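Peer 1: As you go down the protein sequences, you meet chains U and C in turn.
If you want this note's numbering, it's the position in the first sequence, counting the first as 1, plus 320.
If you want this note's numbering, it's the position in the second sequence, counting the first as 1, plus 163.
Just so you know, the hints here were simulated from the structure itself, not pulled from any lab data.
Computed from a predicted structure; not experimentally measured.
Beta carbons are placed, not taken as given, at the ideal position from N, Cα and C, and that holds for glycine.
One or more of the hints may lead you astray.
[Stated by the list, open to error] List of simulated lysine-lysine pairs, DSSO-like, C-alpha gap at most 30 Å:
| id | chain 1 | residue 1 | chain 2 | residue 2 |
| --- | --- | --- | --- | --- |
| 1 | C | K220 | C | K205 |
| 2 | C | K264 | U | K327 |
| 3 | U | K385 | C | K264 |
| 4 | C | K221 | C | K264 |
| 5 | U | K327 | C | K200 |
| 6 | C | K200 | C | K221 |
| 7 | C | K185 | C | K264 |
| 8 | C | K185 | C | K234 |
| 9 | C | K234 | C | K200 |
| 10 | U | K385 | C | K205 |
| 11 | C | K231 | C | K264 |
| 12 | C | K231 | C | K185 |
| 13 | U | K327 | C | K205 |
| 14 | C | K231 | C | K221 |
| 15 | C | K205 | C | K185 |
[What the hints assert, rightly or not] The calculated label-pair distances, taken between Cβ atoms and stated as ranges, are:
| id | chain 1 | residue 1 | chain 2 | residue 2 | range |
| --- | --- | --- | --- | --- | --- |
| 16 | U | T337 | C | N216 | 42 to 52 Å |
| 17 | C | G218 | U | T337 | 49 to 59 Å |
| 18 | U | T422 | C | T173 | 44 to 54 Å |
| 19 | C | R224 | U | S373 | 40 to 50 Å |
| 20 | C | P277 | U | S347 | 33 to 43 Å |
[Said to hold, decoys possible] Chain U stretches covered by chain C per the calculated footprint, using a threshold of three residues with CB under 8 Å from any CB of chain C:
| id | region |
| --- | --- |
| 21 | 357 to 368 |
| 22 | 420 to 429 |
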Amino acid sequence: SAVISQKPSRDICQRGTSLTIQCQVDSQVTMMFWYRQQPGQSLTLIATANQGSEATYESGFVIDKFPISRPNLTFSTLTVSNMSPEDSSIYLCSVATASTDTQYFGPGTRLTVL
Amino acid sequence: GENVEQHPSTLSVQEGDSAVIKCTYSDSASNYFPWYKQELGKGPQLIIDIRSNVGEKKDQRIAVTLNKTAKHFSLHITETQPEDSAVYFCAAIGGGTSYGKLTFGQGTILTVHP
Chain U
321 SAVISQKPSR
331 DICQRGTSLT
341 IQCQVDSQVT
351 MMFWYRQQPG
361 QSLTLIATAN
371 QGSEATYESG
381 FVIDKFPISR
391 PNLTFSTLTV
401 SNMSPEDSSI
411 YLCSVATAST
421 DTQYFGPGTR
431 LTVL
Chain C
164 GENVEQHPST
174 LSVQEGDSAV
184 IKCTYSDSAS
194 NYFPWYKQEL
204 GKGPQLIIDI
214 RSNVGEKKDQ
224 RIAVTLNKTA
234 KHFSLHITET
244 QPEDSAVYFC
254 AAIGGGTSYG
264 KLTFGQGTIL
274 TVHP
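For reference, chain U alone in the conformation it holds in the complex (with noise of 0.2 Å):
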């Protein structure tokens, strides 16, 4: 399995500010996604990272609030965007191969805006 890790691991933010969570895998993936979930809550899916090109978002995330960078096939950026107390989560990205469905998950990063 892939190996995967993210940073931050914890935060504590003001609202009003944003903060970008990078997500890095030890050997290249076809799919990368974030999900975000909250306090005692199950896992939603936040969007798709694609490589190259503009990432493709569930409904109610938008691009606005939740930009997404993804360079190449090991690394992808999530940025939560002028936070709210409502932001207070766990985000956490996943990864998947083409070959299988697959899906890894990262530690999380535990966020919490004041």
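Dock chain C against chain U, hints included.
Peer 2: Here is chain C on its own, set in the frame of chain U:
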């Protein structure tokens, strides 16, 4: 889109007992069903998965069964141990344009008492 329902939300068992968690899905085109274990402060860890062309899969103390007709699948853990205590999530990947997109159940908090 796909909808996944998971029951029970909490499950408490004695060490050595079996635990069963059940999920139903809505999209008859769904073809991949993973189970994840999430320990406190960590990202979800894939523990077992099953594809739609298989009815049952087993890995040591963990097994998953799939009933495509009824659109439900279950996780079975035998001889439970305290280290099995965690939150368990079922998920499904829908058909068509849903490729790679996991839809998660609500999660089950499993507590194994020594």
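Peer 1: All hints are to be evaluated individually against the structure, with a verdict given for each.
Peer 2: Structure-based check of all given hints:
1. Among the hinted pairs, K220(C) with K205(C) is consistent with the structure: their alpha-carbon atoms are about 26 Å apart, no more than 30 Å.
2. Distance restraint check for K264(C) and K327(U): the Cα-Cα separation of roughly 23 Å lies within the 30 Å cut-off, and the hinted pair is therefore satisfied.
3. Between K385(U) and K264(C) the alpha-carbon distance is near 20 Å, which keeps this suggested pair within the 30 Å criterion.
4. A hinted pair counts as satisfied when its Cα atoms are at most 30 Å apart, and K221(C) with K264(C) qualifies at roughly 24 Å.
5. At most 30 Å may separate the alpha-carbon atoms for a hinted pair to count; K327(U) and K200(C) meet this at roughly 22 Å.
6. Simply put, K200(C) and K221(C) have alpha-carbon atoms about 16 Å apart, close enough for the 30 Å limit, and the pair holds.
7. Our distance criterion of 30 Å between C-alpha atoms is met by K185(C) and K264(C), whose separation comes to about 20 Å.
8. Among the hinted pairs, K185(C) with K234(C) is consistent with the structure: their alpha-carbon atoms are about 11 Å apart, no more than 30 Å.
9. Annotation: proposed proximity of K234(C) to K200(C) holds, straight-line Cα distance about 22 Å (limit 30 Å).
10. At most 30 Å may separate the alpha-carbon atoms for a hinted pair to count; K385(U) and K205(C) meet this at roughly 25 Å.
11. Under the criterion of a C-alpha separation no larger than 30 Å, the hint pairing K231(C) with K264(C) is consistent with the structure, at around 19 Å.
12. About 14 Å separates the Cα atoms of K231(C) and K185(C), which keeps this hinted pair within 30 Å; it holds.
13. Simply put, K327(U) and K205(C) have alpha-carbon atoms about 14 Å apart, close enough for the 30 Å limit, and the pair holds.
14. Distance restraint check for K231(C) and K221(C): the Cα-Cα separation of roughly 18 Å lies within the 30 Å cut-off, and the hinted pair is therefore satisfied.
15. Distance check on the hinted pair: K205(C) and K185(C) sit about 23 Å apart at the alpha-carbon level, within 30 Å; holds.
16. Separation of T337(U) from N216(C) is about 49 Å and conforms to the stated range, judged on CB atoms against 42 to 52 Å.
17. Taking the beta carbon of each, G218(C) and T337(U) are about 51 Å apart, inside 49 to 59 Å as hinted.
18. Between T422(U) and T173(C) the CB atoms are about 28 Å apart, so this pair departs from the stated range of 44 to 54 Å.
19. Between R224(C) and S373(U) the beta carbon distance is about 43 Å. The supplied range of 40 to 50 Å therefore holds.
20. Between P277(C) and S347(U) the beta carbon distance is about 39 Å. The supplied range of 33 to 43 Å therefore holds.
21. With 6 residues bearing a CB less than 8 Å from a CB of chain C, the region 357 to 368 of chain U meets the requirement of three and the coverage assertion stands.
22. Using a Cβ-Cβ cut-off of 8 Å, 8 residues of the region 420 to 429 of chain U lie near chain C, which meets the minimum of three, so the contact claim holds.
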